[in-house]
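We have chain A already, so just place chain B on it with the hints.
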Amino acid sequence: MEDLEGFEIVQTRNVELDSPTVIIGFPDEGLVGSIGVSHIIETLGLKEMAHVESRLMPPVVVVKKRRPRSSIRLYEKDDMVAVISEVPIPPPMMYPLAGGLGEWFEEVSPQRVLILGGIPVQNRMEMEKPGVWGVATREADQEALEKAGVRLLEDGFLAGVNSLILLEGAKRGIPVTYLMGESHHGYPDPGSAAATVEAVGRIIGRQIDVQKLLDTAEEIRLAARDLMRKTEEAMKASAKAAETEVPVMFG
Amino acid sequence: MSMGGIFDEFNWLVDTVRPSFDQSTRCLEPLVHVRDAGGEVVITADLPYVRKEDIKVHITEDLVEIEASMARSVTLECCGTIHSETRFRSFKKAVGLPVRVIPEKARARFSKGILEVRVPKKLEPRRIEIE
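Chains as they are written, first to last, in this note's numbering: chain A, 90 to 340; chain B, 26 to 156.
Isolated chain B (complex conformation):
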């Protein structure tokens, strides 16, 4: 096995233990995906126990921040070496975007607990002279 292979496996194991919650603020990190869809970037987030009116989305040219409070607080087992129970009340996550976007043209919808934000890319084409 190559050294790269060994480190690939090590990274896979390390990532599996990175916590996705903050016990001090009782805040969960939602599952989020960013997809390049041609002329726009699509950001989705899984937000169970959340109502549409309790979601806040802030967007800049290169960052999206999602905050949402849950309709009820939930108790989850936080896995580590020792499992402990913590009550959580909200979600929060900031995600860097792969390309610059036009924040003013962003639009969002929320259906069956999934938030979807679509925002057009900021295209700045520059013609290159062919030598």
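Chain A extracted, bound-state conformation:
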């Protein structure tokens, strides 16, 4: 059990982690991370192992199967850990959550951390298969991204909790990669999530079937409407819109 400035990972199942691969999917553009990581948990059969407690979260408890549960949970199987949230991360919690995860990364020494998110593009309606962009804290991972067909983001702005986790990785020498699927702005995008999950599969050398994700895309888009609306509000408050702006570089 950890207590990191109001952020606590409470382990509910005894698991010994040995250099795990950590995959993070928080609500973000197109809900790419939430949809993608939920699909990975279901497809690969990961089981709940811990949850996050924080006084900085909205006072909301999810009740599922008669049991109160935290909205940020960790799942595990065969040294793969997935971290998801059922609610958008409130702006006051972004720094403590990123810092707390950074400390946890130092404890478990992950072989890699993959953050899944979306990057909005205006021509998404014309795309059959969206591209995936990436940023990595380690040079060797940048080469791996290119081999996996992921385009490297050269210049740009990143905002929100995912960018803070990436920065924590860079600061602490943790191999963190942020994968961003080209997505609709403001609409749940299972197609982008599928493209991003396929990229994850190529990076970790394990095929992850995305057919179910594509087959149930309309169902997912309907079910995720309210989470998308709430996420947009949180993104506005965290300057997420800056990601669509062209950066001005000097020197």
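Be a bit skeptical, because a hint or two may be false.
As the list claims (entries may be wrong) - When the alpha-carbon atoms are kept at most 20 Å apart in a straight line, the in silico EDC-like pairs for lysine to aspartate or glutamate are as follows:
1) B:Lys77 with A:Glu215
2) B:Lys118 with B:Glu154
3) B:Lys77 with A:Glu142
4) B:Lys77 with A:Glu217
5) A:Lys153 with B:Glu110
6) B:Lys147 with B:Asp61
7) A:Lys260 with A:Asp230
8) A:Lys153 with A:Glu142
9) B:Lys146 with B:Glu110
10) B:Lys137 with A:Asp230
11) B:Lys117 with A:Glu307
12) A:Lys260 with A:Glu196
13) B:Lys137 with A:Glu217
14) A:Lys325 with A:Asp315
15) B:Lys137 with B:Glu78
16) A:Lys319 with B:Glu54
17) A:Lys154 with B:Glu110
18) A:Lys319 with B:Asp47
The hints are simulated quantities; they were obtained by calculation from the structure and are not laboratory data.
Chain B alone, transformed into the frame defined by chain A:
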């Protein structure tokens, strides 16, 4: 923390519980975005389970109304304190536009479940004399 900060957080929480459906009419509110694209306004709506021929778009100088019936009715959990299941059959939403537009020149397309309506702005430039 300033009072503004407290109310900002409160508003964020309040908005998260505003329902986006009407259980009495079994009608869902679609996700809609309005974007200023220079000389025109672009309105998009996410309409899963909808066919092109089942969409109706009405537009005036300052309002767009989107109605669409779904190809099949869908059962959704309506979240509140108590989750309840309701069958929905259609989408409906009226959106106010940020500027006046020329409705006669509006054009629309529907691809992969997303409706896009583009309509030129009604520009009424008036020269101002510089004193």
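Structure-based check of each hint:
1. B:Lys77 with A:Glu215: holds, 16 Å
2. B:Lys118 with B:Glu154: The given pair, whose Cα atoms are some 42 Å apart, is violated under the 20 Å limit.
3. B:Lys77 with A:Glu142: violated, 46 Å
4. B:Lys77 with A:Glu217: holds, 19 Å
5. A:Lys153 with B:Glu110: holds, 15 Å
6. B:Lys147 with B:Asp61: holds, 13 Å
7. A:Lys260 with A:Asp230: holds, 16 Å
8. A:Lys153 with A:Glu142: Holds, at about 17 Å.
9. B:Lys146 with B:Glu110: This hinted pair is violated, its Cα atoms lying about 42 Å apart.
10. B:Lys137 with A:Asp230: Answer violated: Lys137 of chain B to Asp230 of chain A is near 34 Å, above 20 Å.
11. B:Lys117 with A:Glu307: Between Lys117 of chain B and Glu307 of chain A the Cα gap is close to 17 Å, so the pair holds against 20 Å.
12. A:Lys260 with A:Glu196: Roughly 15 Å between the alpha carbons, so the hint for Lys260 of chain A and Glu196 of chain A holds.
13. B:Lys137 with A:Glu217: Cα-Cα ~9 Å, so holds.
14. A:Lys325 with A:Asp315: Satisfied, since the Cα-Cα distance of roughly 16 Å is no more than 20 Å.
15. B:Lys137 with B:Glu78: holds, 14 Å
16. A:Lys319 with B:Glu54: Measuring from Cα to Cα gives roughly 14 Å; hence the hint holds.
17. A:Lys154 with B:Glu110: Roughly 15 Å separates the two Cα atoms, so the pair holds.
18. A:Lys319 with B:Asp47: Distance ~18 Å between Lys319 of chain A and Asp47 of chain B Cα, so the pair holds.
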